Amino acid sequence: MSDTLGVLLLGFAGLGPDQDHQQDMYLPAFSTHDGFEVVAVAGDDAAGRTTAERLAGKLGLPAPAADLATALADPAVDVVSVCVSPERRADAVIAALRAGKHVLADKPLALTAADAARVAAVAAETGLVCLPAHHQRFHPMIGAARGAVAAGKVGLPWNVQADFLVAGGTPSPAGELANFAVYPIDVVLALTGQRVRRVFARLSTHWSDGGADDHALLFLDHDNGLTSTISVGRTRELADTPPAGLALHRYRVSGSHGVLDIDASRPAVVLRRAEASSHTWHGAGTVDRLLDELRAAIAAGRPSAPSAADAVHIAEIVDAARTSAASGTPVELSQEGSR
Amino acid sequence: MARHSVIEDTPPPGVLIVGAGFIADHHGAALRATPRARLAGIVDVDAGRASAAATAAGGVAWSTDLGEALARPDVDAVIVCTPNMTHEPIALQVAAAGKHLLMEKPLTITVPSARAVVEAFDAAGTVVMAAHTHRFYDYGRAVDDAIAGGAIGRPVFARLAMLGGWIWPDWRAWVLDPAKSGGHALHNGVHLLDLVSWWLRDEPVSVYARGRKRTAEELRIHDYLEMHVEYAGGASAVCEMSRGHRPSTIDRRDVLVAGTDGVLQLPAEGWGSPLVTESGASLLPPQAANGFAVQLDAWLDAIADPAAERAMTPADAVRAVALGVATELSIERAEPVTLDEVMGGVLA
Ligand SMILES: NC(=O)c1ccc[n+]([C@@H]2O[C@H](COP(=O)([O-])OP(=O)(O)OC[C@H]3O[C@@H](n4cnc5c(N)ncnc54)[C@H](O)[C@@H]3O)[C@@H](O)[C@H]2O)c1
Numbered sequence: 004m005s006d007t008l009g010v011l012l013l014g015f016a017g018l019g020p021d022q023d024h025q026q027d028m029y030l031p032a033f034s035t036h037d038g039f040e041v042v043a044v045a046g047d048d049a050a051g052r053t054t055a056e057r058l059a060g061k062l063g064l065p066a067p068a069a070d071l072a073t074a075l076a077d078p079a080v081d082v083v084s085v086c087v088s089p090e091r092r093a094d095a096v097i098a099a100l101r102a103g104k105h106v107l108a109d110k111p112l113a114l115t116a117a118d119a120a121r122v123a124a125v126a127a128e129t130g131l132v133c134l135p136a137h138h139q140r141f142h143p144m145i146g147a148a149r150g151a152v153a154a155g156k157v158g159l160p161w162n163v164q165a166d167f168l169v170a171g172g173t174p175s176p177a178g179e180l181a182n183f184a185v186y187p188i189d190v191v192l193a194l195t196g197q198r199v200r201r202v203f204a205r206l207s208t209h210w211s212d213g214g215a216d217d218h219a220l221l222f223l224d225h226d227n228g229l230t231s232t233i234s235v236g237r238t239r240e241l242a243d244t245p246p247a248g249l250a251l252h253r254y255r256v257s258g259s260h261g262v263l264d265i266d267a268s269r270p271a272v273v274l275r276r277a278e279a280s281s282h283t284w285h286g287a288g289t290v291d292r293l294l295d296e297l298r299a300a301i302a303a304g305r306p307s308a309p310s311a312a313d314a315v316h317i318a319e320i321v322d323a324a325r326t327s328a329a330s331g332t333p334v335e336l337s338q339e340g341s342r
Numbered sequence: 591m592a593r594h595s596v597i598e599d600t601p602p603p604g605v606l607i608v609g610a611g612f613i614a615d616h617h618g619a620a621l622r623a624t625p626r627a628r629l630a631g632i633v634d635v636d637a638g639r640a641s642a643a644a645t646a647a648g649g650v651a652w653s654t655d656l657g658e659a660l661a662r663p664d665v666d667a668v669i670v671c672t673p674n675m676t677h678e679p680i681a682l683q684v685a686a687a688g689k690h691l692l693m694e695k696p697l698t699i700t701v702p703s704a705r706a707v708v709e710a711f712d713a714a715g716t717v718v719m720a721a722h723t724h725r726f727y728d729y730g731r732a733v734d735d736a737i738a739g740g741a742i743g744r745p746v747f748a749r750l751a752m753l754g755g756w757i758w759p760d761w762r763a764w765v766l767d768p769a770k771s772g773g774h775a776l777h778n779g780v781h782l783l784d785l786v787s788w789w790l791r792d793e794p795v796s797v798y799a800r801g802r803k804r805t806a807e808e809l810r811i812h813d814y815l816e817m818h819v820e821y822a823g824g825a826s827a828v829c830e831m832s833r834g835h836r837p838s839t840i841d842r843r844d845v846l847v848a849g850t851d852g853v854l855q856l857p858a859e860g861w862g863s864p865l866v867t868e869s870g871a872s873l874l875p876p877q878a879a880n881g882f883a884v885q886l887d888a889w890l891d892a893i894a895d896p897a898a899e900r901a902m903t904p905a906d907a908v909r910a911v912a913l914g915v916a917t918e919l920s921i922e923r924a925e926p927v928t929l930d931e932v933m934g935g936v937l938a
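The listed protein sequences correspond, in order, to chains G and U. So the first sequence is numbered by this note's numbering: it starts at 4 and just counts up by one. So the second sequence is numbered by this note's numbering: it starts at 591 and just counts up by one.
No wet-lab data here; the hints were simulated from the structure. If you're wondering where the values come from, they're calculated on a predicted model, not measured in any experiment. Glycine residues also receive a C-beta, built at the ideal position from the N, C-alpha and C atoms. There could be a bad hint or two in this list.
As the list claims (entries may be wrong) - Okay, the calculated bits of chain U under chain G, using three or more residues with CB under 8 angstroms as the criterion:
hint	stretch
1	737-750
2	808-822
3	845-851
4	913-926
Using the sequences plus the hints, can you model the full thing?
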């Protein structure tokens, strides 16, 4: 393995017509990261192939392979960044792993826990890295908080209260439970390390005109006496938040010996001018740090954190939330947990 | 609010304070500061407490016999500051005596008794109000004013957290005996449940609550309460009331209300001035209106004109009790509980 890993950008789709994390998030991060080099692009459907062709021209890369198998057979490719449409995503990730490639998978890794579990099984079997792009846990405030909790600064964590509220942008047609909940759930799991055993949830539509949910309240009972509550959704546009930016992103971790308040709108230089105020900061972003983890896990030959198995658990929680919101009663998760 | 002249033909109403404990001092101070009412006397089952409070108040009359005090013609109204389990019988006695009542929260600790009290005052034609004091604090009013002014459109989601060591100092107090307090949901939970329901302008339909005994497993009440309320109009709320947080020097009040057109926040750190001294860091709270005085004014307004719109209605007081009862039941069952169930299928 050379020092720089070759990356194939596969697919440019997301939840909803205008979501393209491949070009918006992963391509810029791979392009500036020392450990990676984008060597190929490909699509797995007509729209994806059109985008791939245009992008190959723009980036000066060879013409995209005609089909998935050819693209995955390229020996210059070490890592596949998978952003194919969510319905085909699990299968594409499995194909990449079977072709011997490491994977960065856009979120959600799969639309159901069962599909995510299929991916996790192949990742475990092949020993390759399969990193679900839960990049918010790499936020510098959250990274530091994980260290503090691990160092026992608040004692035994017994409760987390989380708010993840995006303002503006295009509402996800799949609903914001499917679209956003993975981020704060992943952060709560990363902060506490405790699996969820019971889920009570409520889904509402407050802001969008479509029928999809735009606010989810999740009441989670974890192992080890931990409870957490997550409010996640998307409001209408707010003047001081860039479209699709986070208006509120915070976690309060209560422990037997202290309380830690994490405000992920910091660190920030606050700019106030004639127009709405804005924030800026210097340094690596969450996606850059996500790629650091990808690089480190591949180099060490270890599963990434988060792993595909973590994505399975999150998908189970999201599935249970949907069931609970429909029935109005709490839902128990299976005791053994999926691997 | 009606303006009242200090010089009036009729003397200001005489007010009796029943229960001369911690919170009675706040009501006494508010009474001393207003020209609109007069402290007529103090009643406590403990003669020592009654007499000490009467002396401290400048030598007003005191008694250990509520019936005797209520019979006095110069007593027009009563503020009750006794432990929660005594609220029902005392309220019914005050109603029977034909006097107005400001009852410390909760109005009572069961829904049927809360209803019975409201019916008794309806029948007597006198005023009953429960002292949900947070409605009368500057912060509670600022949030309500903003919502009333349409600043965030229709409010759809509220978070309200109160975490603090100040919530009770004495771990042996009656408050920690569920038979006497009704449990933490009825004792302190009702403050938050009432406040968010008022802010959201929506009728609660169900409660999902989780309670914890954080400080010691021997506790008989939940020193941490998390209460999720769903409303008929689609709004929802998450309230936390905690004496279980550590360290107990924590003093947190956190407000978030999201509306259809905006978001309102009273951030924990925006509350006071951070003060760092040789003995540590703390928050210096801003000067504020005396919530007990504002509340007293609202009650006196209702007495002066019972037909006018009330700051806190009897139905609000019953609803707060129902929410508290639903919370305790939800914790016990680990399931959501509907207001219909605890209200016995009848609306307040
Ligand atoms: N609004 C608020 O913010 C707030 C704050 C604290 C307490 N409270 C409420 O105030 C009430 C009193 O609480 P507290 O903390 O002052 O209690 P406390 O224990 O300090 O005082 C209660 C007093 O009532 C007396 N008493 C007991 N039974 C009596 C009876 N049957 N008749 C007459 N007197 C009797 C006791 O001797 C004692 O002096 C409670 O209902 C509580 O929920 C309200």
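Hints versus structure:
With 3 residues carrying a beta carbon less than 8 angstroms from a beta carbon of chain G, the stretch 737-750 of chain U meets the three-residue requirement, and the given coverage holds. Requiring three or more residues with a Cβ within less than 8 angstroms of a Cβ of chain G, the coverage given for the stretch 808-822 of chain U holds, as 4 such residues are present. Given a C-beta distance limit of less than 8 angstroms, the hint that chain G covers the stretch 845-851 of chain U holds, as 4 residues qualify and 3 suffice. Only residues whose beta carbon comes within less than 8 angstroms of a beta carbon in chain G count, and the stretch 913-926 of chain U has 3; three or more means the coverage holds.
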